[in-house]
Amino acid sequence: MATVKIPPVLRPSVGGEKEVTASGSDVGEVLRALVTDHPQTEAQLFSDGELNRYVNVYLNDEDVRVLDGLQTPVGEGDTLVILPAMAGGA
Amino acid sequence: MSPSGAEVLKQIKAQIDEVDPADVKDGLVNGVVLVDVREPEEFEAGHIPGAVHVPRSYLESRIENAVPDREAHVVLYCASGNRSAWGAHALKELLGYRHVESMRGGITLWKDRGYEVEVPRALTKEQRERYSRHLLIPEVGVEGQQKLLDAKVLLLGAGGLGSPAALYLAAAGVGTLGIVDNDEVDLSNLQRQVIHTTDRIGVPKVDSAEQTIQAINPDVDVVKHAVRLDASNIMEILPGYDVVVDGLDNFPTRYLLNDASVRLRIPVVSAAILGFDGQLSVFAPYEGPCYRCLFREPPPAELAPSCGANGVLGVLPGTMGLLQATEAVKLIIEQGDPLIGRLLLYDALAATFTEVKVHRDPECPICSRDPESISDEEMGVFPDYEAFCAAAG
Chain A
0 MATVKIPPVL
10 RPSVGGEKEV
20 TASGSDVGEV
30 LRALVTDHPQ
40 TEAQLFSDGE
50 LNRYVNVYLN
60 DEDVRVLDGL
70 QTPVGEGDTL
80 VILPAMAGGA
Chain E
0 MSPSGAEVLK
10 QIKAQIDEVD
20 PADVKDGLVN
30 GVVLVDVREP
40 EEFEAGHIPG
50 AVHVPRSYLE
60 SRIENAVPDR
70 EAHVVLYCAS
80 GNRSAWGAHA
90 LKELLGYRHV
100 ESMRGGITLW
110 KDRGYEVEVP
120 RALTKEQRER
130 YSRHLLIPEV
140 GVEGQQKLLD
150 AKVLLLGAGG
160 LGSPAALYLA
170 AAGVGTLGIV
180 DNDEVDLSNL
190 QRQVIHTTDR
200 IGVPKVDSAE
210 QTIQAINPDV
220 DVVKHAVRLD
230 ASNIMEILPG
240 YDVVVDGLDN
250 FPTRYLLNDA
260 SVRLRIPVVS
270 AAILGFDGQL
280 SVFAPYEGPC
290 YRCLFREPPP
300 AELAPSCGAN
310 GVLGVLPGTM
320 GLLQATEAVK
330 LIIEQGDPLI
340 GRLLLYDALA
350 ATFTEVKVHR
360 DPECPICSRD
370 PESISDEEMG
380 VFPDYEAFCA
390 AAG
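As you go down the protein sequences, you meet chains A and E in turn.
Residue numbering for the first sequence follows numbering that gives the first Met the number 0, starting at 0 and increasing by one per position.
Residue numbering for the second sequence follows numbering that gives the first Met the number 0, starting at 0 and increasing by one per position.
Isolated chain E, as found in the complex (with noise of 0.2 angstroms):
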């Protein structure tokens, strides 16, 4: 006859190593990757703090995102000491891994004998279900998915580099998405601004990324400032934003921004494009360079093609946005290493990444001072370029 599953349990337990409580809080200062096996509606009514997420029943299958070294010191637990010690030694027996060890009593007795439990957030059914790919990644998760669904960024432009960025960031679940454009939807703007459509033409930007924004995910709040940036507004309009996606197309407008962005500690996700080159860094004030570090004064209208209509391949923008896009995301879930000090070079003919590195200049006008130094009347400040590129048309 076949034993029962208890007698198998019991057995399963003879053979692996159970750990009580106590040593598993005292443990945690030491390095122990703590696994909790429960499934996501327990986990996420409360869990250790510190805990990694893997459900049993998925436990074979993803432990190695979460874990990659066997001989790390791991420690499962699940509501009362049982599905952790099938997990435990189906990681020993199967998968190699030779520390690893079942909480007994499971997070039950955790809080029994008052020990510190954290409540995240709860996502909805459908937030689960929407941002699903998210969660199974380690980088993001639920932690970094409700970072996320928290930050707000500011994009300028609805333009080429922004319409692909606030596509694929409201996916994202970006919870804020403030757009600055004052323009209009024109039939030459579709070829590269995917956030607009055919049917609304003559609309104005701000009002056509939205509905298309809100298509996509109508968790995201969408806030129109239909002006466009100056001097007059810039501290009114960053103020509260998480990070600034710069798609902007004129150098004046980027100087003023770089400054106000000093001033306020915004990070800068910036990308420049032209024909079929592209430019991208990021800019954390104080953290790395900012723009005037990387040119500290503007070029003379002939090598500023911007001032005037010049091409652009229409998938251009599609990449520097998306690349733009990718850096914000990078930024909010704080993971991996953010493009700060490096700007790449894009050479969309050749097919070929180019990386250069920039330094902080200690004799920056901007950034080499202290943001509260830096006057109203100094932004953006330099020769009277607008002037300059109204006269080179």
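Isolated chain A (complex conformation) (with noise of 0.2 angstroms):
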């Protein structure tokens, strides 16, 4: 099982948590999991099965997209860091 952080934005959709744990052998499962667990993540993450370009997906502190993206093989221990941008500064 991976550990996913959830996003401040996302967490209504996960029932308030700020961590879940997902399974699967790479970022995309895990991912696929986590939408199966929690419906309303789904339009917030993906696109026509892609991940949303707004959305940026770290596993441990390395962005997936210059590993192999939803491909990249995820371990037992990881931890997959959703973070979507942020923009409040007043």
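By construction, these hints were calculated from the structure, which means they are not laboratory data.
Using N, Cα and C, we set each Cβ at its ideal position, and we do this for glycine too.
Some hints here could point you the wrong way.
[Claimed, not checked] Straight-line Cα separation of at most 25 angstroms, PhoX-like style, residue types lysine-lysine; simulated pairs: (1) A:Lys4 with E:Lys110; (2) E:Lys12 with E:Lys151; (3) E:Lys151 with E:Lys124; (4) A:Lys17 with E:Lys356; (5) E:Lys223 with E:Lys151; (6) E:Lys110 with E:Lys24.
[What the hints assert, rightly or not] According to the in silico footprint, chain A covers these stretches of chain E (three or more CB under 8 angstroms from chain A): (7) 247 to 260; (8) 267 to 274.
Build the complex from these two chains, which are given one at a time in their own frames, with help from the hints.
In structure tokens, the structure reads:
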């Protein structure tokens, strides 16, 4: 099981949790497992099966886009960080 | 009968190694640490280029900051070679520096030989006192303080992030603080926007901020831009600033800022806050990734709570704004590892910092190109987001 860190804007879609666990052998599988458990997250993460361009996903501290994208292997104990942009400053 | 001071000095000089200015001049290129042990006034009147300044009276207590390695080759000098002889003796006998020498004849002989002397611009007596805690740390010192006094920092917003950043940048002696804000102080701001006060409700934020900054530090020149930053004014406001501190509250202006700052090659210290969470990174054009490398496009309104009124822990912008101020100071004094190519995530509730890597995108629509090729028309452009936000309320 991998740990998935949920950003503030997605927390309402996962029952307020900041972290959930999801299983899968690569990034895509883990995220789809997340979507299966929490269907409201789907539209926020995916469009036409691709990760939305405004959402960054990091495997531990590395952007999966510079790894193998959704095919990047995920091991036991890895952490996925989901990170949409935030703009608040005031 | 006790020996005279002159006799003791003679004995001291016999116990230490002295070196001729000519050898010091030649040795400077070979990694010798040259330490000026004179008083601050003497150092400021002119010193040997590259010398570190540790006054004789503080030599034993502060030499480890300047020269941590006791195996280093250290040469001390003063005006004529006496104080440096005492100092060399102390470093050798008391602190165990193995390769320490005193320069014979001091800077007087150095000057007589016609060697180069560097005359720093002097701080006033009041500035030496005001910034004394900066002057005591080698990473800042007189040189760094002078850089701060010469620096021009633009604060985008005198709000949650801009308030604490402005307070500390002013206190640090940043010579020019530009502030862009077209808002007025509101009661609901005061939970976090600490540069403003209750009696200034209704006052333009740039005026309120200026009042506080001047009260902290009259050295600071405040430049007020009481406008909303947009495509029509950004290229007039940004040029001339060394660093931009981004405390903007919306995506369209963040993208506009990114594109303009890349075009002008001005580094941006960027932070964003929401609830109990903060993000921080430094975007240094062409040196590291830009904002568009990190977030190619803004999220839709339902994922962008900055569009509407959202809550934030009052202390959080303080934490993030001061991290921004710290990064801005580091960029100005050119010390440390700036947060370039890294995004810091702060979770205040969990009290955790997480860091992720940010890479330059070789296909970045902005920073993969020459700055000259970025046109006015395309800056900040993406699908009509402001209308989207308005629709989402």
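Which of the stated hints cannot be reconciled with the structure, identified by number in ascending sequence?
As far as the earlier hints go, 1, 2 are violated by this structure, in ascending order.
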